[in-house]
Structure formats: structure tokens, C-alpha cells
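Construct all of the structure, not just a fragment, from the sequences and the given hints.
Per my numbering, the sequence shown starts with residue 53, numbered consecutively.
Among the hints, a few may not be true.
[As the list claims (entries may be wrong)] Straight-line Cα separation of at most 20 Å, SDA-like style, residue types lysine to any residue; simulated pairs:
1. Lys187 - Pro138
2. Lys106 - Cys140
3. Lys167 - Asp227
4. Lys106 - Pro138
[To be verified] Using C-beta positions, here's what the derived DEER-type ranges look like:
5. Asn229 - Met319: 50 to 56 Å
6. Ser344 - Ile159: 31 to 37 Å
7. Lys341 - Lys81: 17 to 23 Å
8. Ile159 - Lys106: 34 to 40 Å
9. Asp330 - Leu82: 44 to 50 Å
Quick caveat, the hints were computed from the structure, so don't treat them as lab data. Just so it is clear, CB atoms sit at the ideal spot from N, CA and C, and this is done for glycine as well.
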Amino acid sequence: MVRDYDISNNEKQFVLAALEQNIRLDGRKLLQMRDVHISVSRDEYGYAEVSLGKTKVACRVTAEITKPYEDRPFDGIFQISTDISPICSPFFESGLTTGSKQSNDEILISRLIEKAVRRSGALDLESLCIIAGSKCWAVRADLQFLNYDGNFIDISSIAVMVALLHFRKPDMEIDGNNVILFDEDQRNPVPLSILHIPLCFTFQFYNPNDDEENIKGNLNNELILLDANLLEERLSLGSMTLTINKNKELCQMVKCGGLNIDASMIMNCCQHASNLVDDLTRKINDVIKKDSELRKNPVEKELQVVNQRET
Numbered sequence: 053m054v055r056d057y058d059i060s061n062n063e064k065q066f067v068l069a070a071l072e073q074n075i076r077l078d079g080r081k082l083l084q085m086r087d088v089h090i091s092v093s094r095d096e097y098g099y100a101e102v103s104l105g106k107t108k109v110a111c112r113v114t115a116e117i118t119k120p121y122e123d124r125p126f127d128g129i130f131q132i133s134t135d136i137s138p139i140c141s142p143f144f145e146s147g148l149t150t151g152s153k154q155s156n157d158e159i160l161i162s163r164l165i166e167k168a169v170r171r172s173g174a175l176d177l178e179s180l181c182i183i184a185g186s187k188c189w190a191v192r193a194d195l196q197f198l199n200y201d202g203n204f205i206d207i208s209s210i211a212v213m214v215a216l217l218h219f220r221k222p223d224m225e226i227d228g229n230n231v232i233l234f235d236e237d238q239r240n241p242v243p244l245s246i247l248h249i250p251l252c253f254t255f256q257f258y259n260p261n262d263d264e265e266n267i268k269g270n271l272n273n274e275l276i277l278l279d280a281n282l283l284e285e286r287l288s289l290g291s292m293t294l295t296i297n298k299n300k301e302l303c304q305m306v307k308c309g310g311l312n313i314d315a316s317m318i319m320n321c322c323q324h325a326s327n328l329v330d331d332l333t334r335k336i337n338d339v340i341k342k343d344s345e346l347r348k349n350p351v352e353k354e355l356q357v358v359n360q361r362e363t
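Structure, rendered in C-alpha cells:
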């Protein structure tokens, strides 16, 4: 959970005054995201690291054969686990009495990302079925937060989707009720069936009016920010997370209390998110494609390593 982060009145007034003039402390526009950097492992499938400004997350996807849920005998299983510790920021503390429990922040992120992937049908769970009602693949995504400077939700959605696209499960054969798995040396591993790439975009809302005017609701001077950093997050009066794919399908919309906003602001946020999702999806696909090409051409990979050393 997040520790109390005290912000002075002068600091608060300075930031809000700057936002009223369409100025952010890091030089971005109000609806501009920070630079996204994506890298995947060359040594194993299903490991990705993503940075969004100073915020950094690692995701590792694994899979094992297990028994499907009784009410879904033809589906596989998908789960997300998150780990937020003081290592990523001094503003976080575990606050846990047992190691099996999760903090509220971890639960929120897990639920949001799991809904975005599973309920939107991004990961084809039926393709994970091996023997109906008996055996299936259980896919697990473990999120490890490495550094925190705001906006864990958006970066988590990117990291999970990159890791799922990068992951390969062992090829197999079925002999009666027995499942025979093949090593990578025997057969090429098989990618997961990803039908689309849902990505989260979190907007923060601010109102520079005093508390009395905010309560009356007479003025509509709300400000909207995309991809808030840590300070901007702590000053926010409310947030809304939209999950959208490149087909412009709104997969999820989550707003947990906070400042009241009208429908036109929601539509503006949806439109802006739909404008950004294409470039971000293209960047993700380019990373996966480049990694696949390097694995197919090991000689070219070695030459690139040599060239990097020379430069």
C-alpha cells in the first residue's frame, strides 16, 4: 500500500497553476504520454521489461499443465500476480501480515489487467484446452515493479501483453490420456493465441477551483491529464482507465469515485486513447517481430553483437 505522501500547499498551488496554463513540470502536453521503451529477453520466452518515463516494470509469463475449472471444462486458465515492494519506491510498504496476502494496489492492478485480457477475449482460453475437463494450460503472468514514478496500470497492461506475445509453450502430442511434451531442441515451441492487444490509458482529473466551488459544481474548469507522474497522481481528484485496442473497441472503462465528469469529457478521453493505441500497438508488434527474426537468424544476431561491441 502507498504511504502518506505529504505535499506542501506551495507545491500543490504551483503544479495546479502550471496545469491551468497547459504546462507540466516535465515539459509534456496535458494529453501526452511519456516515452515507452520495450525490451524482451533473448534467453527465455515470455520475459519483458517496459519503462514509461522513470516507471519501470518487468513481466514473466509461465505455463503449466493443470486441471481446468469445473464450470469451464473447455477453457484454460489465465492468472496475474503482482508484486509491489519498497524496492521500487520508498512510498510503498508491504503492510502485510502474511506473505499470501496482497495490498490494495496489487489487487487493483491485477483485477484491471486480468479483466482487460481475459474478459475482452484477448487471450483465447479455449486454445489452452488439452483434454476437456481433464487437462489444460494454466498461463500465469508475474508482474514485478522495479521503479515507480506514477501510472502503474498503463505500463502493466503493456508489459503483460508484450510478455504474452513473446511467450512460447512447449509443443505436445496426446496419447490417450497422456500428454507428451517436446523440448525446444525437438520441436519449435508454440505461441499463444492472442486475438487482439488491449491497452490501458489512465486519465487523471483536476479542478483548480477552491473546495467550496468544487462542492457546488457551478464551474466546469476540470483539467484532464494522461499518464500522470507520481506528483501529478497524488494531486489528482479522480482517475479513469480506458482499455482499448487498435480496432477502436472499448474493452473496459473503470472510474472509481473522485471528481464528477460529464459525458463529453469521457468521449474526448475515448477519442484521444483511440488515436494513441495504433502507434503503441505498432511498437509492441515491432519488438516481437524483431525478436522473432533474430531467433531465426542466429548468424545475424552474432554479427549485431559484434557490431555493438565495436561501436
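Quick rundown of the hints versus the structure:
1. Lys187 - Pro138: Outside the cut-off at roughly 38 Å; violated.
2. Lys106 - Cys140: Holds - the C-alpha atoms of Cys140 and Lys106 are around 11 Å apart, at most 20 Å.
3. Lys167 - Asp227: Status violated; Cα separation ~35 Å.
4. Lys106 - Pro138: Given pair Lys106, Pro138 holds - Cα atoms ~16 Å apart, limit 20 Å.
5. Asn229 - Met319: 50 to 56 Å: holds (53 Å)
6. Ser344 - Ile159: 31 to 37 Å: At roughly 34 Å between Cβ atoms, Ile159 and Ser344 fall inside 31 to 37 Å, so the hint holds.
7. Lys341 - Lys81: 17 to 23 Å: Since the Cβ atoms of Lys341 and Lys81 sit about 30 Å apart, the hinted range of 17 to 23 Å is violated.
8. Ile159 - Lys106: 34 to 40 Å: At roughly 24 Å between Cβ atoms, Lys106 and Ile159 fall outside 34 to 40 Å, so the hint is violated.
9. Asp330 - Leu82: 44 to 50 Å: violated (20 Å)
When the structure is compared with the earlier hints, violations turn up for hints 1, 3, 7, 8 and 9 and for no others.
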